[in-house]
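Peer 1: Here's the letter readout for the chains.
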Amino acid sequence: MDSAYLIETIIKVVVILLVFSALAGIGTYFERKVLAFMQRRLGPMNVGPYGVLQFGADAIKLFTKEDIIPTGVVAPIFKIAPVITAATAFMAAAAIPFLPSFEIFGYEVHPIVSDINVGIIYILGVMAVGLYGPLLGGMASANKYSLISAARAAAVFISYEVVTGLAILAPIMMVGSLSLIDFNEYQAGGIGNWIVWSQPVAFILFWIAAFAETGRTPFHLIANDHEIIDGFGTEYSGMRWGLFFIGEYANMFFISFVIPLLFLGGYGDGSFLGALGLLAKMSFFFFFFLWTRAAWPDVRPDQLMWLCWKVLMPIAVINVVITGFVMMF
Amino acid sequence: MSLEAFNNRNVTEGDYFLCDIEDYPQDGWGKFKRVVKRTFRGELFVGLWVVMREMIRFDIHTIQYPQEKMPIGPRYRAVHQMKRLWESDTERCIGCGLCEKICISDCIRIDTRIDENSRKEVTEYTINLGRCIFCGYCAEVCPELAITHGGEYENASDQREHFLLYEDMLTPIDKMKAGKQLEFEGFGSITPHEDERVKKTPLAY
Ligand code: SF4
Ligand code: SF4
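Listed in order, the protein sequences are those of chains X and H.
Numbering-wise (my numbering), the first sequence opens with residue 1 and increments by one.
Numbering-wise (my numbering), the second sequence opens with residue 330 and increments by one.
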């Protein structure tokens, strides 16, 4: 392995870490503003013009707050749980091509850390490992609400892994590769080639499952608002809680990148316009996460399980079978 | 409108009618049909549209509190004020002690003395706002409309006993001279045009 490759990879990793940590912060600002406007409020207004520096104030607060480890918790696990959430979220980013490759000072840059041949499986797998953050955090907290919430989170995550996997099985069969770059090449011909037209059901299923994977509002059972308790994060304070937060928002961003890459043509032919298109699609999906939070109520856990196992999973299986038949004949 | 319509609980007569609620499906096929119907009715998009409409309309109802404040009604019972007489600019309070007597949370303390002109003079008058429940009895019982409630509701304090002194409550003399004293308009205040309604009383009946 030559050192140029090593240096390039390290730079890419650092850039992704910094950009998406900052984006997670800015994401909270957008979330508050969008939610506020939809509820006829103004949202944060006092820190900086129109409150744009609010996330800076929040960051200072999170970094400087006392790090409380309550008595009675299983300290090592309690301490490592938020790191798992944040780390797995960023690890998943390694196989996502964020932009088409471009040239800078005569040097070709591929904005993907590593184009491994099992890209999608890797992303989904690592995101699924993120489940251990809430699960271990809740179980180590010595708090009943945390424990219940951790159990709920585990149930939701594991159930929806099934839907996610089956939903993208059909597109994978069509493309014949697991790399997101190959997915992008498959759809590079223009809007008519997007997988969403041939696999609309898989697209909807994957989108629904994305809400469960990120724990966003219609399936926001991880931190249970009606108990007025922040679920598995109840006992956390300061930056440990902040890591859970960054993990959640980074996950939202990454999923918002993955959905267009899989179904909506990604960055297209790799031109500048295509790159802008990918960012626009990503922004739409991120905005949609906020939009549903303002519009839709949460569902009960048992309804969520019913939806997953009795509705979405059969549809996904039927979709795979039909795709198989169509490809065969 | 009489209250009879509301007090009549006999549902067989009057304007009562049965709501048109479908029975819950009992069998599997009925439940399945209900699920399909609800799925394709698109109600989720109605919710999305409603919030999007409000965001586009941008009809913000936020009041940015420290900079902007809501107007409050004249009968709002906030921190007390002591009024002066319009005619002579002297204090209205005659030291009768009724307010101290009626105060149900026992937070008014008043001390008086006979001054050089043989008039009763208030020497001490404090209200402990930490105890006051803002019931308004003191303002209501005052025969002189001297103690009233004002509109100043921002009275946070760093200790439980937060005393209001007589001088703090009294209308400042320069404000009085400028004719800016606000008259209390709530319950028990003088009705407008009271002067025109005063009748001459003959000395002998
Ligand atoms: S408002 Fe009520 S509690 Fe407060 S001083 Fe007057 S009588 Fe007492
Ligand atoms: S009731 Fe009125 S006049 Fe009498 S002592 Fe209290 S404030 Fe003064």
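Hint data in this document are derived by calculation from the structure and do not stem from the laboratory.
Please note: incorrect hints may appear among the correct ones.
[Said to hold, decoys possible] If you want the ones that stay clear, here's a sample from chain H, every Cβ over 10 angstroms from chain X, calculated: (1) F346; (2) M384; (3) D388; (4) N457; (5) H478.
[Said to hold, decoys possible] Here are the computed lysine-lysine pairs in the PhoX-like style, where the Cα-Cα straight-line distance is at most 20 angstroms: (6) H/K509 with H/K529; (7) X/K310 with H/K398; (8) H/K360 with X/K310; (9) X/K144 with X/K79; (10) X/K310 with H/K366; (11) X/K79 with X/K65.
Cβ coordinates follow ideal geometry from the N, Cα and C atoms, glycine included.
Peer 1: Each of the hints needs a verdict: does it hold here or not?
Peer 2: Hints, one by one, checked against the model:
no.	hint	verdict
1	F346	30 angstroms, holds
2	M384	5 angstroms, violated
3	D388	6 angstroms, violated
4	N457	34 angstroms, holds
5	H478	31 angstroms, holds
6	H/K509 with H/K529	31 angstroms, violated
7	X/K310 with H/K398	53 angstroms, violated
8	H/K360 with X/K310	13 angstroms, holds
9	X/K144 with X/K79	18 angstroms, holds
10	X/K310 with H/K366	17 angstroms, holds
11	X/K79 with X/K65	15 angstroms, holds
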